[in-house]
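Student: Chains A, B and C supply the protein sequences, listed in that same order.
Take the first sequence: its position 32, counted from the start at 1, is 32 in our numbering, and no numbers get skipped.
Position in the second sequence (from 1) plus 251 gives the number in our numbering.
Position in the third sequence (from 1) plus 499 gives the number in our numbering.
Just so you know, these hints were derived from the structure itself, not from any lab.
C-beta: ideal position from N, C-alpha, C; glycine also.
One should not assume that every hint holds.
As the list claims (entries may be wrong) - To give a feel for the contact side, a few chain C residues facing chain A, derived at Cβ under 8 Å: (1) SER623; (2) TRP625; (3) PHE691; (4) PHE694; (5) MET736; (6) TYR752; (7) LEU759; (8) PHE764; (9) PHE781.
As the list claims (entries may be wrong) - Ranges between beta-carbon positions, derived for each pair: (10) VAL609/C to SER295/B: 42 to 50 Å; (11) ALA443/B to LYS707/C: 34 to 42 Å; (12) ALA589/C to ILE20/A: 28 to 36 Å; (13) ALA381/B to ARG245/A: 48 to 56 Å; (14) ARG740/C to HIS18/A: 54 to 62 Å; (15) GLN618/C to THR36/A: 23 to 31 Å; (16) PHE634/C to TRP10/A: 19 to 27 Å; (17) VAL609/C to GLU211/A: 34 to 42 Å; (18) ALA542/C to ARG245/A: 40 to 48 Å; (19) ALA480/B to PHE781/C: 36 to 44 Å; (20) ALA374/B to ARG245/A: 46 to 54 Å; (21) ALA690/C to GLY19/A: 21 to 29 Å; (22) PRO102/A to VAL730/C: 32 to 40 Å; (23) GLN733/C to TRP43/A: 27 to 35 Å.
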Amino acid sequence: MGSMQAIADWFKWLAGAHGINVSIAYDAFDRARFLTGLSTTVWLSVACIVLSILVGLVGAWLQGARSPLVRAAVAGFVQFFRNTPPLVQLAFFYFAVSAALPMVTDQFGARVPLVNNVGWAVISFSLFAGAFNIEIFRSGIEAVPQATTEAAEALGYTRLQSYIYVVFPLAFRICLPALGNNLVNLVKTTTLAYAIGVPELLYAAAQVWSETFNVREMMVVLLLTYVAIVAVLVWFMQRWERRLRIPGYNA
Amino acid sequence: MSHELGAPIVVIDAIEKRFGALVVLRDISLTVRRGECVCVIGPSGSGKSTLLRAINALVPVSKGSIRVDGIEVNDPDLDKLALRRKVGIVFQQYNLFPHKTALENVMMAPLHVLKQPKDEVEARARRLLAKVRLSDKEGAYPGELSGGQQQRVAIARSLAMNPTLMLFDEVTAALDPETKKEVLVTIRELAAEGMTCMLVTHEMGFAAEVADHIYFTDGGTIVEHGPPAEFFKNARHERTRAFLDQVL
Amino acid sequence: MKTGQTDLPVLLPSRPPATPGEWGLSDASAVFGSRKVLAALVAFAVLSVAVAEAADANARPGILATVLKWTPLIATGFLFNLAVSVASMAVGTVAGVMLGLGQISIFRPVRGISWAATQFFRNSPWLVLLFFAMFLLPFEMKIGGVTVALPAWFKAIIGLALPVMANVAEIVRGGIRSIPVGQWESAESLAFTRFQTLWRIILPQAVKRMIPPWMNLYAILTMATTLISVVGIQDAMTLTRGALVAEARTDLYLPLYAMLLLLFFVYCYPIARLTQALERRFAVRI
Chain A
1 MGSMQAIADW
11 FKWLAGAHGI
21 NVSIAYDAFD
31 RARFLTGLST
41 TVWLSVACIV
51 LSILVGLVGA
61 WLQGARSPLV
71 RAAVAGFVQF
81 FRNTPPLVQL
91 AFFYFAVSAA
101 LPMVTDQFGA
111 RVPLVNNVGW
121 AVISFSLFAG
131 AFNIEIFRSG
141 IEAVPQATTE
151 AAEALGYTRL
161 QSYIYVVFPL
171 AFRICLPALG
181 NNLVNLVKTT
191 TLAYAIGVPE
201 LLYAAAQVWS
211 ETFNVREMMV
221 VLLLTYVAIV
231 AVLVWFMQRW
241 ERRLRIPGYN
251 A
Chain B
252 MSHELGAPIV
262 VIDAIEKRFG
272 ALVVLRDISL
282 TVRRGECVCV
292 IGPSGSGKST
302 LLRAINALVP
312 VSKGSIRVDG
322 IEVNDPDLDK
332 LALRRKVGIV
342 FQQYNLFPHK
352 TALENVMMAP
362 LHVLKQPKDE
372 VEARARRLLA
382 KVRLSDKEGA
392 YPGELSGGQQ
402 QRVAIARSLA
412 MNPTLMLFDE
422 VTAALDPETK
432 KEVLVTIREL
442 AAEGMTCMLV
452 THEMGFAAEV
462 ADHIYFTDGG
472 TIVEHGPPAE
482 FFKNARHERT
492 RAFLDQVL
Chain C
500 MKTGQTDLPV
510 LLPSRPPATP
520 GEWGLSDASA
530 VFGSRKVLAA
540 LVAFAVLSVA
550 VAEAADANAR
560 PGILATVLKW
570 TPLIATGFLF
580 NLAVSVASMA
590 VGTVAGVMLG
600 LGQISIFRPV
610 RGISWAATQF
620 FRNSPWLVLL
630 FFAMFLLPFE
640 MKIGGVTVAL
650 PAWFKAIIGL
660 ALPVMANVAE
670 IVRGGIRSIP
680 VGQWESAESL
690 AFTRFQTLWR
700 IILPQAVKRM
710 IPPWMNLYAI
720 LTMATTLISV
730 VGIQDAMTLT
740 RGALVAEART
750 DLYLPLYAML
760 LLLFFVYCYP
770 IARLTQALER
780 RFAVRI
């Protein structure tokens with residue numbers, strides 16, 4: 001506790017003596033606001049990561065469907081979300097789709113939209129990143145040599161069994177680097193939620209700097225925080241890759 | 252090798268295989284009896300591998316009949332699982348599952364396909380790896396094994412399904428002479444134990460030694476066949492002699 | 500006969516294929532015929548208008564007519580987005596090439612600083628970098644004795660150029676590194692200087708591989724230009740919102756935003772197709 005206080009005091013001195021005002025280091029209110037933003041960003045990122053991977057898996061599976069209609073629908077979905085701005089996608093969902101949906105009554109009796117801004121951010125970003133994940137998973141599945149699946153078939157595996165025990169485990173390992181890349185981008189994309197008033201990290205930082213007038217300091221803190229979040233994700237993905245690495249390959 | 256030859260296991264009757272306009276197999280008929288070891292030889296591109304794959308329904312044939320131990324393979328309602336429990340196949344490129352250890356590779360199909368109890372499967376897998384002399388490599392991944400070792404794991408993996416018939420598709424073609432021998436020894440032992448085998452091979456010496464019957468194919472048809480002693484000494488057809496002159 | 504593939508390549512290509520670019524995906528999704536995508540596109544547009552028309556029973560001026568009324572204005576805004584994208588791409592590419600070459604410099608400090616700058620700007624969110632430029636660049640600058648005002652749009656161009664720079668740096672570095680070491684060695688043995696080797700031997704080969712990811716990056720940048728609306732610069736997005744405020748009709752939200760999405764799609768999708776086509780072509784003859 002003592003050392004925490006000492007750090008806070010030092011930053012207070014820094015602000016007074018040199019005008020470098022890292023208010024979140026000593027001001028409890030600013031810090032709480034910033035930390036809430038941080039936790040919102042982390043929560044938002046995790047939710048979107050999980051959902052986007054689900055979208056990717058389902059989409060990749062549907063791309064192998066027999067019906068050409070289903071395959072065309074998936075292709076259209078992928079191309080659409082990959083080739084339009086995520087910010088406009090977000091606005092499309094939050095303003096347009098939301099307006100087309102019915103309102104519901106909340107527990108206080110107020111009329112509220114069916115899905116709130118946080119909900120739309122999660123949906124929008126998950127679909128956006130999911131479209132990329134579909135492509136990543138598909139190319140991973142295609143990279144598994146046909147000879148390997150043929151061996152499974154010759155041992156009596158059904159198509160589903162061969163997917164579960166042979167194709168997916170291999171395809172997933174092939175996908176991991178590209179997936180990691182996409183998830184890093186997803187985390188960065190969560191900042192767009194600022195535009196619809198989701199109190200994530202950027203939003204919280206903007207609140208702090210507009211009241212404390214320390215844009216310069218908060219900007220540095222903000223950038224470093226994002227770089228740190230990305231670093232953690234990259235570290236995690238690399239550890240995962242190492243764990244899944246097969247001895248004798250890819251030394 | 253001469254055993255008491257049993258009932259026919261494979262009966263192929265006038266099959267034909269086309270890829271578009273290309274005829275890969277033309278009017279092929281042959282019989283393999285229980286305990287027999289049959290070798291198919293011939294120049295590259297003569298349809299040998301396609302023939303083996305057709306027996307295991309990995310390649311559908313266009314015409315004719317293939318019966319394996321009573322199962323008609325050229326049948327749209329074929330029960331593939333039933334067929335593949337009877338027929339094991341070993342490929343030129345081993346095709347082991349790279350993310351599983353040698354032991355796991357051998358155990359996978361009996362566990363997932365036959366749904367046999369794990370301890371039973373594991374005990375049998377260990378015995379099979381011992382049989383192919385790889386007891387010390389149970390925990391190794393395919394990428395850590397030599398080609399010959401991988402190929403022997405692949406043989407053990409097929410044997411784990413207790414097949415009535417083993418197909419070997421140029422299993423030594425990708426191996427260097429040293430490791431080739433290990434694999435050939437394993438196959439010879441299997442044949443000696445009375446396993447019904449069908450081999451596609453370029454190893455003429457080995458074919459002469461291990462086969463009960465030799466088929467020579469060229470251009471998608473069987474040019475001639477006979478017991479090895481006869482076949483190698485006095486081939487009747489010009490094409491056969493030309494081929495043998497080239498490889499011997 | 501079947502050509503047996505080894506199991507080995509299964510796990511070898513752990514590097515994302517050839518594109519060190521922002522989204523890292525170079526895979527050719529070109530299996531889909533463009534006609535299918537086009538059909539889906541038209542279906543989407545028709546559906547948006549249809550849903551809006553259906554929701555609007557007591558039709559005031561028709562939805563379609565209203566959308567058409569605002570289209571020229573929003574299209575003008577879109578042209579501004581494109582202008583910003585071209586300017587940012589130019590600035591970012593020049594800076595990025597220098598940063599990328601800095602990463603292969605033989606001077607350790609230059610290499611270290613270039614690497615750190617690349618990583619920093621590559622891993623920061625675009626929107627935050629845009630804020631960074633908007634707030635921290637001065638509103639005027641003294642060049643020589645002349646004071647030049649820095650308008651908001653200029654800062655926005657710089658703000659978007661920062662992540663572009665970092666991504667271009669990665670593309671350049673990746674492209675150069677994709678050329679086999681043997682090329683460097685044989686050039687050196689022929690007494691080329693380092694600069695000559697780079698300029699005459701390495702870059703001409705590497706540029707071909709850099710073009711697809713660079714184009715991919717441009718498409719991403721074009722889509723990212725909408726971010727300038729968040730920092731208060733008038734673009735297609737701002738004008739769309741303005742049109743919606745002016746009309747004050749909720750039934751217009753769906754079709755107008757759909758139109759904005761389509762504007763970007765119509766511009767970015769052909770770029771994506773072209774990128775894939777080039778990738779495939781370059782991939783064949785390495």
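Student: Can you tell me whether the CB distance of ALA480/B to PHE781/C sits inside 36 to 44 Å?
Tutor: violated, 58 Å
Student: Under the criterion of a CB-CB separation shorter than 8 Å, is TYR752/C in contact with chain A as hinted?
Tutor: holds, 4 Å
Student: Restraint: PHE764/C near chain A, CB-CB cut 8 Å. Satisfied or not?
Tutor: holds, 5 Å
Student: Could you see if the CB distance from GLN618/C to THR36/A stays within 23 to 31 Å?
Tutor: Hint holds: Cβ distance 28 Å, inside 23 to 31 Å.
Student: Between GLN733/C and TRP43/A, does the beta-carbon spacing fit 27 to 35 Å?
Tutor: Check passed, 33 Å falls within 27 to 35 Å.
Student: Do the beta carbons of PRO102/A and VAL730/C sit within 32 to 40 Å of each other?
Tutor: For VAL730/C against PRO102/A, whose Cβ atoms are near 34 Å apart, the range 32 to 40 Å holds.
Student: Quick check on PHE781/C please, does its C-beta sit within 8 Å of some C-beta on chain A?
Tutor: violated, 17 Å
Student: Do the beta carbons of ALA443/B and LYS707/C sit within 34 to 42 Å of each other?
Tutor: violated, 59 Å
Student: Mind checking the hinted window 46 to 54 Å against the Cβ distance between ALA374/B and ARG245/A?
Tutor: violated, 30 Å
Student: Does TRP625/C pass the interface check with chain A, least Cβ-Cβ distance below 8 Å?
Tutor: holds, 7 Å
Student: Is the shortest C-beta separation between SER623/C and chain A less than 8 Å?
Tutor: Holds: closest Cβ of chain A sits about 5 Å from SER623/C, inside 8 Å.
Student: Given a cut of 8 Å on the nearest C-beta pair, is the interface hint for PHE691/C held or broken against chain A?
Tutor: Violated, about 33 Å.
Violation of the numbered hints given earlier is confined to hints 3, 4, 9, 10, 11, 13, 14, 19, 20, 21; the remaining hints are satisfied by the structure.
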